[in-house]
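Those sequence lines, one after another, are chains E and A.
Our numbering applies: residue 1 is where the first sequence begins, and numbers increase by one.
Our numbering applies: residue 245 is where the second sequence begins, and numbers increase by one.
Heads up, none of these hints are tricks.
What follows is a list of derived Cβ distance ranges for each label pair: (1) A/K388 - E/K121: 52 to 60 Å; (2) A/K434 - E/P90: 33 to 41 Å; (3) E/K3 - A/I322: 53 to 61 Å; (4) E/K125 - A/K388: 54 to 62 Å.
Simulated crosslink set (DSSO-like; lysine-lysine; CA at most 30 Å straight-line): (5) E/K150 - A/K652; (6) E/K238 - E/K8; (7) E/K150 - A/K641; (8) A/K658 - E/K131; (9) E/K150 - A/K658; (10) A/K652 - E/K121; (11) A/K285 - A/K445; (12) A/K648 - E/K136; (13) E/K109 - A/K627; (14) E/K126 - A/K627; (15) A/K627 - E/K150; (16) E/K121 - A/K658; (17) E/K124 - A/K627; (18) E/K225 - E/K3; (19) E/K124 - A/K648; (20) E/K131 - E/K107; (21) E/K51 - A/K658; (22) A/K627 - E/K13; (23) A/K658 - E/K125; (24) E/K121 - A/K648; (25) A/K518 - E/K51; (26) A/K641 - A/K557; (27) E/K107 - A/K649; (28) E/K124 - A/K652; (29) A/K649 - E/K136; (30) A/K627 - E/K51.
So these bits of chain A aren't anywhere near chain E, every CB distance computed over 12 Å: (31) E246; (32) S263; (33) N266; (34) D287; (35) N289; (36) N296; (37) N359; (38) S369; (39) N451; (40) F510.
What the hints contain is simulated information worked out from the structure, not anything from laboratory work.
Treat the numbers as computed from the prediction; the structure is a model and nothing was measured.
Note that the Cβ used here is the ideal one computed from N, Cα and C, for glycine as well.
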Amino acid sequence: MLKIKNLKANINKKLILDGFNLEIKPGEIHAIMGPNGSGKSTLSNILSGKKGYEISGQITFENQNLFDLEVEERAHKGIFLAFQYPLEIPGVNTNIFLKTSVNAIRKAKGETELDAIEFLKLVKKKANELKFDQEKLSRQLNVGFSGGEKKKNEILQMSILDPKLCILDETDSGLDIDALKIVANGVNALRKKNNAFLIITHYQRLLNYIKPDFVHVLMNGKLIKSGGPGLALELEKKGYENLN
Amino acid sequence: MEQQLKVDFENYVKTSKLSSKNIELKRVNFNHFLEKGFPNKRDENWKFSDLNHIISKNIKKLSFYNDFLKSEQVDESIFINNLEHNKLVFVNGKLEKKEFNHEENNKVEIIEDFNLLNEKININSLTSLNNAFTDKHYNLVVKKNYTLKKPLVIYNITNEDVTSKNLNLRFNILLEENSSLKIIDFLDDKSKNNFLNTYYKYEIKKNSILKNYKIDRKFNSNIKYFYNNINQETNSLSEIFILSLGSYFIKNEINCSLNGKYASAFINGIISLKNFQHHEIKTNINHLAESTKSYQLIKSVLDNESKAVFQGKIFADSKAQKTDGYQLSKAILLSNNTEFNAKPELEIYADDVKCSHGSASGNLNENSIFYLMTRGLNYQEAKNLLINGFLLDVIEKITDSEIKKIIKNIMGFKE
Ligand SMILES: Nc1ncnc2c1ncn2[C@@H]1O[C@H](COP(=O)(O)OP(=O)(O)O)[C@@H](O)[C@H]1O
Ligand SMILES: [Mg+2]
Numbered sequence: 001m002l003k004i005k006n007l008k009a010n011i012n013k014k015l016i017l018d019g020f021n022l023e024i025k026p027g028e029i030h031a032i033m034g035p036n037g038s039g040k041s042t043l044s045n046i047l048s049g050k051k052g053y054e055i056s057g058q059i060t061f062e063n064q065n066l067f068d069l070e071v072e073e074r075a076h077k078g079i080f081l082a083f084q085y086p087l088e089i090p091g092v093n094t095n096i097f098l099k100t101s102v103n104a105i106r107k108a109k110g111e112t113e114l115d116a117i118e119f120l121k122l123v124k125k126k127a128n129e130l131k132f133d134q135e136k137l138s139r140q141l142n143v144g145f146s147g148g149e150k151k152k153n154e155i156l157q158m159s160i161l162d163p164k165l166c167i168l169d170e171t172d173s174g175l176d177i178d179a180l181k182i183v184a185n186g187v188n189a190l191r192k193k194n195n196a197f198l199i200i201t202h203y204q205r206l207l208n209y210i211k212p213d214f215v216h217v218l219m220n221g222k223l224i225k226s227g228g229p230g231l232a233l234e235l236e237k238k239g240y241e242n243l244n
Numbered sequence: 245m246e247q248q249l250k251v252d253f254e255n256y257v258k259t260s261k262l263s264s265k266n267i268e269l270k271r272v273n274f275n276h277f278l279e280k281g282f283p284n285k286r287d288e289n290w291k292f293s294d295l296n297h298i299i300s301k302n303i304k305k306l307s308f309y310n311d312f313l314k315s316e317q318v319d320e321s322i323f324i325n326n327l328e329h330n331k332l333v334f335v336n337g338k339l340e341k342k343e344f345n346h347e348e349n350n351k352v353e354i355i356e357d358f359n360l361l362n363e364k365i366n367i368n369s370l371t372s373l374n375n376a377f378t379d380k381h382y383n384l385v386v387k388k389n390y391t392l393k394k395p396l397v398i399y400n401i402t403n404e405d406v407t408s409k410n411l412n413l414r415f416n417i418l419l420e421e422n423s424s425l426k427i428i429d430f431l432d433d434k435s436k437n438n439f440l441n442t443y444y445k446y447e448i449k450k451n452s453i454l455k456n457y458k459i460d461r462k463f464n465s466n467i468k469y470f471y472n473n474i475n476q477e478t479n480s481l482s483e484i485f486i487l488s489l490g491s492y493f494i495k496n497e498i499n500c501s502l503n504g505k506y507a508s509a510f511i512n513g514i515i516s517l518k519n520f521q522h523h524e525i526k527t528n529i530n531h532l533a534e535s536t537k538s539y540q541l542i543k544s545v546l547d548n549e550s551k552a553v554f555q556g557k558i559f560a561d562s563k564a565q566k567t568d569g570y571q572l573s574k575a576i577l578l579s580n581n582t583e584f585n586a587k588p589e590l591e592i593y594a595d596d597v598k599c600s601h602g603s604a605s606g607n608l609n610e611n612s613i614f615y616l617m618t619r620g621l622n623y624q625e626a627k628n629l630l631i632n633g634f635l636l637d638v639i640e641k642i643t644d645s646e647i648k649k650i651i652k653n654i655m656g657f658k659e
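Excised from the complex, chain E in its bound form (with noise of 0.2 Å):
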């Protein structure tokens, strides 16, 4: 689904990534672990579309040369960044962002959009299995939201997109254990065989609850070890700079 080579990533002559290589398949779920700064969310950025970057290496996405995609184009393919700071985006209301968003990707697909009434059963069902407050729904985007509600209406809109190939940016950083556990519940209902998940944090407590098939650890602009669920309990115990 996902291949990224050689991926190398500067941004005003600071060297980011330096080397980066890392292919997800179809069905599968990443963790990505590293130190703060090491260049998580530049990666996430920079699958996102973001500009800003100078890059060298090659990604491509279901066959397809990523950098030939504009930002929305990669949306409407099927990639989801959960931002690991959501904006806030004063005046304009949640409820109208969200059906614009899922509109403008299902029009892009081909698909009948929705009307307002099966927007929000949509809406309001995903909302319901997130227990996120439908209220804030009708508040501006993330204006006057806590961290984690932030937080959360990223997932509400990655359930709501249905997308092929999630990223998540360290969304379980200021969530409380209970809201991690329905975050995780709604990470793991999205599951399918044919989506992935790139899952991006600097603690193990999320991948208790998110299972994934592969922990990998970026530092100094590289993958510089990987393996199965023990990878990220071992980081735990040891932390980065004892890991060999």
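Fit chain A with the ligands to the known structure of chain E by using the hints.
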């Protein structure tokens, strides 16, 4: 161009049926205009908008229009749908239609007043020009204790029959005690390169409420000046909303005096320009009595060589204790060849007041655009959503829900 206006003035005076006293007054006004000329940037009030330059650059051979014998067709297709309303329809400065179908008899009336004698001169050269060339005033009176059942829409239409003309219009609007009126000034231009000079005088008596929505939405090359002079008595309220989108140049000047206790004024506005346009809102709020309140929120969105100006002054007299004055202007610059100028001013002579002002301008946040695009919106859709979000709180200030809906519609807001 002043030479031409002189010729036009003499012709006009010769053919008009005005009394000699009226003509003499017009001459005083005309001479005042000639002496001052069109305002230019050396005039503090006009330093961001050099009207003299703007007119001479865009209008060749400006002349005064007074072909009021000819009746014009009213293009009804531009009437506002989905809103029951009373109508006054002006075409090229001439009243072609009046309809107060929704109101009780004798409670609201429009009078064409030919006696101009008690007119004050020397406000500015443009009001003098207006006084010189208007042969009558349109006096609108709402009687004591009467609340209009439906809004009044004043359509101000120009068509292809006028080019390079100066059209002047004058309204005196009186709300007697305890009355209430909603006016939509709805402009529609098919004409090109004219200078429209309109003077509104509002008298809002005790306990009365005026709501005025000024909508200029259709792209056109006309140059417009609106002078609004508002006087408010005790416990009266004015709500003004300006939607400034269409014309090449607009200056909306509002001079509002809160003369009686508890009088309040709300002025909200949107300037949204796409194409080499230049719009200004200038306000002057005079708090002249105790416990008066004013609130102003102006937002601008500027693209492609456009320019917006907000000059806002709050004045509090030494008598005006417990004044509450608030003013905020914000602008989004969509391209770097745009310009936003703000000049907020406070002049306070009372010690127990609560006044604040602020101004900010900047670009759309690229990170916000990126966030929205990762959700499937293209660049333009993301931008539009953010712009509408920026403007929403101004629109939410509109207290009439029907009219709010119409304005949201014009702005392309999704419900
Ligand atoms: N716009 C930028 N300009 C310069 N350096 C940046 C910029 N954005 C991020 N960085 C740097 O890139 C590195 C990686 O950042 P990031 O990808 O956010 O790390 P992580 O998500 O792993 O904590 C950090 O050292 C950060 O300071
Ligand atoms: Mg990060």
